[in-house]
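**Q** Chain residues, written in single-letter form:
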Amino acid sequence: MNRKEFLRQSAIAAIGTWLVPDFVKAYEHRSPLRQNDKILVVLQFSGGNDGLNTIIPYRNDIYYRERPRLAIQATESLPFTDEMAFHPALSKLRKWYDDGYFTVLSEVGYPNPDRSHFRSMDIWQTASDSADYLRTGWIGRYLDAQCNGACQAYHAVEIDDQLSLSMKGTAVKGLAVSDPQRLHNQTQNKFYQELAKVNHEEYHNVDYLYKTLAETISSSDYLYAKTKVTEPPAVYPAHDLGRKMRTVSGFIRSGVEASVFYVSHGSFDTHVNQKPQQDRLLGQYAEALDAFLADMKKLGRLDDVIVMTFSEFGRRVRQNASNGTDHGTANCLFWAGGTLKPVPALSAAPDLSRLDEGDLRYRTDFRDVYATLLDKWLQVDSTAILGRKFPGLPLA
Amino acid sequence: MNIHEAKHLFLRAGFGATPEELREAGRHSTRKVVRRLLEDADNALTLHSIDPQQVGYSRKNLLEMVMQRDSLTAEQRKQMVREVQQQDRDQIGDLNFAWLTQMGQGKSALREKMTLFWHGHFACRSNNPLFVQQQNNLLREHALGKFGDLLGAISKDPGMLQFLNNQQNRKQSPNENFAREVMELFTTGRGAYSEKDIKEAARAFTGWGFNPKGEFVFRKNQHDDGEKLFLGKRGNFNGEDILALLLERPETARFVVGKVYTYFVNDVPNPAVIADLAKDFHKKDYDIRWLMEEIFTSSWFYEPQNVGVRIKSPVEYLAGLQRTPGVSYGSKQSVLYVQKALDQVLFYPPNVAGWPGGTAWIDSSSLLLRMKLPEVILQSAELNFRAKSDGDVNTDYLSKRGARQFRDAQLDWSVFGKPFEGLSGEGLLDALTETLLQRPLSPAQRQLILRRPRKTELRDFTLALLTLPEFQLC
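Here the protein sequences come in this chain order: A and B. The numbering used here numbers the first residue of the first sequence as 76 and each following residue consecutively. The numbering used here numbers the first residue of the second sequence as 872 and each following residue consecutively.
Treat the hints as calculated values from the structure; they're not laboratory data. Quick reminder that beta carbons are idealized off the backbone N, C-alpha and C, glycines included. Keep in mind that a hint or two might mislead.
Stated by the list, open to error - In silico lysine-lysine, BS3-like type, Cα no more than 27 angstroms apart, as pairs: (1) A:K416 to A:K373; (2) A:K272 to B:K1326; (3) B:K1155 to B:K1017; (4) B:K1070 to B:K1027; (5) B:K1183 to A:K272; (6) B:K1243 to A:K286; (7) A:K303 to A:K286; (8) A:K167 to A:K464; (9) B:K1243 to A:K265; (10) A:K286 to B:K1183; (11) B:K1070 to B:K1104; (12) A:K372 to A:K303; (13) B:K978 to B:K903; (14) B:K1243 to A:K303; (15) B:K1326 to A:K265; (16) A:K272 to A:K286; (17) A:K416 to A:K170; (18) B:K1183 to B:K1130; (19) A:K265 to B:K1183; (20) B:K949 to A:K350; (21) A:K464 to B:K1067; (22) A:K272 to B:K1243.
Said to hold, decoys possible - Chain A stretches covered by chain B per the calculated footprint, using a threshold of three residues with CB under 8 angstroms from any CB of chain B: (23) 259 to 272; (24) 335 to 346.
For reference, chain A alone in the conformation it holds in the complex (with noise of 0.2 angstroms):
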């Protein structure tokens, strides 16, 4: 055992002895019962990114003729195809996908889809069909699922001070930590820690909320714990994004046991003016991600990785007045790192010349790419998770 191996087995011994109520200790040692080493990084980019101007048709004359002000021309962009180009702010994707580390899924969605962002953010979150409200989300119920209902909290964690209903499920909820030293802070107040431990009465729902209290402590002096005594990782660039995905290396490089990280980047609404708006989000996604690609592969975890990213919609293809672009429907969503790649067959550009009221049609529903990474990735059986069997998307 080296030193830093040490620092890191005693600090959590030392949670161990005085800070846990005991019904928390009991699963303190036990493995979380994760299938493998797999790890699964949803990020999400609220508003609805334009992914017509993201990954750009640079040859179809569609595109040209409905964007007269606001299409990205071929000259400008950085060719992968001969149908399809990523937007200059994603320049520094272009090498991933060179190495087989970044696929495009084209004309991902959902029958009858919805165009209000926070009903179609509660269609993705929750992974339900357009018509129905779920309560729980997919992630939330991957928890509910595993570990035989004795997930912790930090099993499935989100960079932000709110959860998101994609992490709540039924009996667990992931935990949600922006910094793991300010959350410490929150859970070392002495007055916290005593409640959590003292004898009170056991009743309906309260029983719940020291469940709750006492395992955010526990979560966030474990999470302390890992982190302290490792090295930040490599750098990053200094924006919320570039600051969230370097929370997530930095939990993965000290061995948190969690299977599931969950970002947010927005906000994509570009009504209005959308080019700046655009350009600058896209190009802090293409920092952030290539930063952390590059930080998994020299730790030698590139191949455990896979990092989704969807939005809630993509927008028109038609441009509106304004410069900008209206909420649309399908959408391409990005697979980053990891062993397992989709056909190429779900990359090929989208059809423009078969549009529903202006807007394009869906290829793959987005829960087939959910059953995909629970059921090949995670390991998991995702008919429970989804509440049916999606086949998943054919692999190369």
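Starting from the structure of chain A, add chain B where the hints point.
**A** Coordinates of chain B only, in the frame set by chain A:
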């Protein structure tokens, strides 16, 4: 009734009570106190922070100007649209704050609680402040009336018709959204109808629309007056007929009573009690006032398994702090920010199914935030929490940074402390516990609080009690 029962009643039928109100209620029979609550609820204070004349006028004017003025540049026009939208959002924020204040301070607590319940049942969003105010007042007006009247009114409400796309429901191209939700979420619940019934109902609702002034409009030429086959019955049904047929179904009474029960009594349903209540509710022509009186005067309502087990929604939490210990928030920004951070912004339900409720409110971060809030509100501490941006311009503006401190919140300790004068130490702690919590502290909890260093007992004990996980329950 005793003081504990009174506390339970006031928390469930409203948002809590002051120590004096509890003591007063403790002197009377349950029946009498409930009657009094219902009488108090007869005052339906309408929200009127928006003047329909003025709003409709200015909004319409501005928009017309934006559309028609060729002299304006595109940029100027966009700027004007943005201003109108921002003004609308501000006004919806004003309505939010006015309603929350009414919940926390108004006389007719039960009516406000029922209005909040129906806002979750008939969940709806609108960007038009006039529609928002109008719908909220509609829910309030019918909150304790006949469910059939409420259903009829909300089905013709512009905000709802807009939200569920019935303006696009025309004879030639029916839109089923409204018809589907009326059955799935408002009346029978799932399983009582087929997809074919939805299609037929949608035909009956064709032509139901509204105008910009916020009035219901029946567009006869868009209405399909042909024969329909709905729930096994045949006829040239119109929308009213469909609603009447739905009210005939026993499933509707069961569905509505089931929701009332899990909201007001216990989130674990009791099927036998619900079935009995539903049968009578149906017989009583869906009289909501009768239903609530029946629940609040029943002995099972006060049984220990139903007391102190309900997780307060964020709005109930915020409104409750106004009732006990008597906080006044002063300004809207921080109150809206906390609603956003805790996932319940009034007038912005997550979807047409309403807020999930129960344990869905509580995860690690929302619990820590709730435990920190008393300090933030009572001692102007800074809230170290960044509410999530969700990409929706209508709610994202609430996540602005400036709102993380309750600068204007006030609590008059001398008023709150009056009933506890002369008490100190354990006696004071027990009296405060009895006012603020639903169940007594365990001996260990009591010791824990008494052991803490303190400067002012009244404040320190109060703050400690408000921080307890038990305070999240009612």
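**Q** Hint by hint, say whether it matches the structure.
**A** Status of each hint after checking the structure:
This hinted pair checks out: A:K416 and A:K373 have alpha carbons roughly 21 angstroms apart, not beyond 27 angstroms. With a CA separation close to 25 angstroms, the supplied pair A:K272 and B:K1326 stays within the 27 angstroms bound. Between the alpha carbons of B:K1155 and B:K1017 the distance comes to roughly 9 angstroms, so the proposed pair stays at or under 27 angstroms and holds. At most 27 angstroms may separate the alpha-carbon atoms for a hinted pair to count; B:K1070 and B:K1027 meet this at roughly 19 angstroms.
In summary, the hint linking B:K1183 to A:K272 is supported, as the alpha carbons are separated by about 23 angstroms, within the 27 angstroms threshold. With a C-alpha separation of about 18 angstroms, the suggested pair B:K1243 and A:K286 falls inside the 27 angstroms cut-off, and the hint holds. Between A:K303 and A:K286 the CA atoms are separated by roughly 25 angstroms; this keeps the pair inside 27 angstroms, and the hint holds. Taking the CA atoms of A:K167 and A:K464, the gap is about 37 angstroms. The hint is violated against a cut of 27 angstroms.
Straight-line distance between C-alpha atoms of B:K1243 and A:K265 comes to about 13 angstroms, which keeps the hinted pair within the 27 angstroms bound. A distance of roughly 17 angstroms separates the Cα atoms of A:K286 and B:K1183; the hinted pair therefore holds under the 27 angstroms criterion. For the proposed pair B:K1070 and B:K1104, the alpha carbon gap of about 14 angstroms is at most 27 angstroms, so the pair holds. Between the alpha carbons of A:K372 and A:K303 the distance comes to roughly 22 angstroms, so the proposed pair stays at or under 27 angstroms and holds.
Proximity of B:K978 to B:K903 is assessed by CA-CA distance (about 17 angstroms); at most 27 angstroms being required, the pair is judged to hold. At roughly 25 angstroms between alpha-carbon atoms, B:K1243 and A:K303 fall within 27 angstroms of each other, so this suggested pair holds. In summary, the hint linking B:K1326 to A:K265 is supported, as the alpha carbons are separated by about 17 angstroms, within the 27 angstroms threshold. Between A:K272 and A:K286 the alpha-carbon distance is near 10 angstroms, which keeps this suggested pair within the 27 angstroms criterion.
Of the pairs offered as hints, the one joining A:K416 and A:K170 holds, with about 16 angstroms between alpha carbons and a cut-off of 27 angstroms not exceeded. Restraint check: the Cα-Cα separation between B:K1183 and B:K1130 comes to about 16 angstroms, which is no more than 27 angstroms; the hinted pair holds. Using a Cα cut-off of 27 angstroms, the hinted pair A:K265 and B:K1183 holds, with the two alpha carbons roughly 25 angstroms apart. Proposed proximity of B:K949 and A:K350 is supported: the alpha carbons are some 16 angstroms apart, at most 27 angstroms.
A hinted pair counts as satisfied when its Cα atoms are at most 27 angstroms apart, and A:K464 with B:K1067 qualifies at roughly 26 angstroms. Between A:K272 and B:K1243 the CA atoms are separated by roughly 18 angstroms; this keeps the pair inside 27 angstroms, and the hint holds. With a cut-off of 8 angstroms between beta carbons, the region 259 to 272 of chain A has 6 residues touching chain B; three or more are needed, and the interface restraint holds. Residues of the region 335 to 346 of chain A lying with their CB closer than 8 angstroms to a CB of chain B number 5, which satisfies the three-residue condition for coverage.
The structure does not agree with numbered hint 8 stated previously, though it agrees with all others.
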